[in-house]
Amino acid sequence: MKLFLDTADVAVIKDLLPTGMVDGVTTNPSLIAKSGRNIAEVIAEICALVEGPISAEAVATDFETMVKEGDKLASIAPNVVVKLPLTWDGLRATRAFADKGIKTNVTLCFSATQAMLAAKAGATFISPFVGRLDDVGADGVGLLEDIRTLYDIHDFSTEILAASVRNADHVTAAALAGADASTIPADVFKALVKHPLTDKGLDAFLADWGKTGQSIL
Numbered sequence: 001m002k003l004f005l006d007t008a009d010v011a012v013i014k015d016l017l018p019t020g021m022v023d024g025v026t027t028n029p030s031l032i033a034k035s036g037r038n039i040a041e042v043i044a045e046i047c048a049l050v051e052g053p054i055s056a057e058a059v060a061t062d063f064e065t066m067v068k069e070g071d072k073l074a075s076i077a078p079n080v081v082v083k084l085p086l087t088w089d090g091l092r093a094t095r096a097f098a099d100k101g102i103k104t105n106v107t108l109c110f111s112a113t114q115a116m117l118a119a120k121a122g123a124t125f126i127s128p129f130v131g132r133l134d135d136v137g138a139d140g141v142g143l144l145e146d147i148r149t150l151y152d153i154h155d156f157s158t159e160i161l162a163a164s165v166r167n168a169d170h171v172t173a174a175a176l177a178g179a180d181a182s183t184i185p186a187d188v189f190k191a192l193v194k195h196p197l198t199d200k201g202l203d204a205f206l207a208d209w210g211k212t213g214q215s216i217l
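Our numbering numbers the first residue of the sequence shown as 1 and each following residue consecutively.
Don't take each hint at face value.
To be verified - The calculated lysine-lysine pairs, modelled on BS3-like cross-linking and capped at a C-alpha distance of 25 Å, are:
id	residue 1	residue 2
1	K100	K68
2	K200	K103
3	K211	K200
4	K190	K211
5	K72	K100
6	K14	K68
7	K72	K103
8	K120	K103
9	K100	K120
No lab work stands behind these hints, which were simulated from the structure alone.
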């Protein structure tokens with residue numbers, strides 16, 4: 001499963017890139033607003049750092065303006081993926097971009113039916129919001145499983161990108177549910193490597209090694 005960073009903070013991306021685990025980046029209007037920077041500038045900088053897909057979101061709600069915004073975002077760099085809302089206008093724009101070879105990420109997905117429509121529209125990625133479904137008592141991971149089953153039955157090529165990920169358990173569950181990728185906030189990304197028994201075991205090894213008085217170097 002591919003791991004994407006869900007951020008518009010270039011410093012955070014630079015910090016985690018050396019791990020070799022950052023396969024792409026997703027942004028949204030809220031993250032861009034939090035960065036306090038011009039959207040074109042920050043997307044261009046992220047695209048220069050990360051070779052993988054970089055999602056940049058159109059903010060218009062009507063088809064014509066979505067297409068204009070998407071064209072402008074896609075012109076920033078070859079690895080830009082135009083992010084669009086799961087509305088009729090968003091799906092229409094998704095088809096328009098698919099027809100001219102521009103990749104898309106259809107976001108704000110909360111049902112398997114919506115995911116089917118996005119796939120039929122030619123979406124490159126579908127972003128089901130796992131955490132937000134859990135927040136209202138629904139089964140976010142169950143939705144990932146339903147979409148995986150639906151896509152496999154009907155041979156859709158759209159990739160499932162688990163979004164609204166809140167913790168390491170969500171990432172594990174997304175992988176087991178067959179998601180193609182997961183987009184993860186930086187704090188959760190950093191926490192993926194952590195386990196108390198790992199820390200405890202390392203402390204014990206180091207204590208025992210210290211008793212030998214040896215140095216490998």
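These are the hints, each one checked on the structure:
{"no.": "1", "hint": "K100 <-> K68", "in the structure": "13 Å, holds"}
{"no.": "2", "hint": "K200 <-> K103", "in the structure": "45 Å, violated"}
{"no.": "3", "hint": "K211 <-> K200", "in the structure": "17 Å, holds"}
{"no.": "4", "hint": "K190 <-> K211", "in the structure": "31 Å, violated"}
{"no.": "5", "hint": "K72 <-> K100", "in the structure": "14 Å, holds"}
{"no.": "6", "hint": "K14 <-> K68", "in the structure": "30 Å, violated"}
{"no.": "7", "hint": "K72 <-> K103", "in the structure": "13 Å, holds"}
{"no.": "8", "hint": "K120 <-> K103", "in the structure": "14 Å, holds"}
{"no.": "9", "hint": "K100 <-> K120", "in the structure": "16 Å, holds"}
Figure legend: structure checked against the earlier numbered hints; hints not met, in rising order: 2, 4 and 6.
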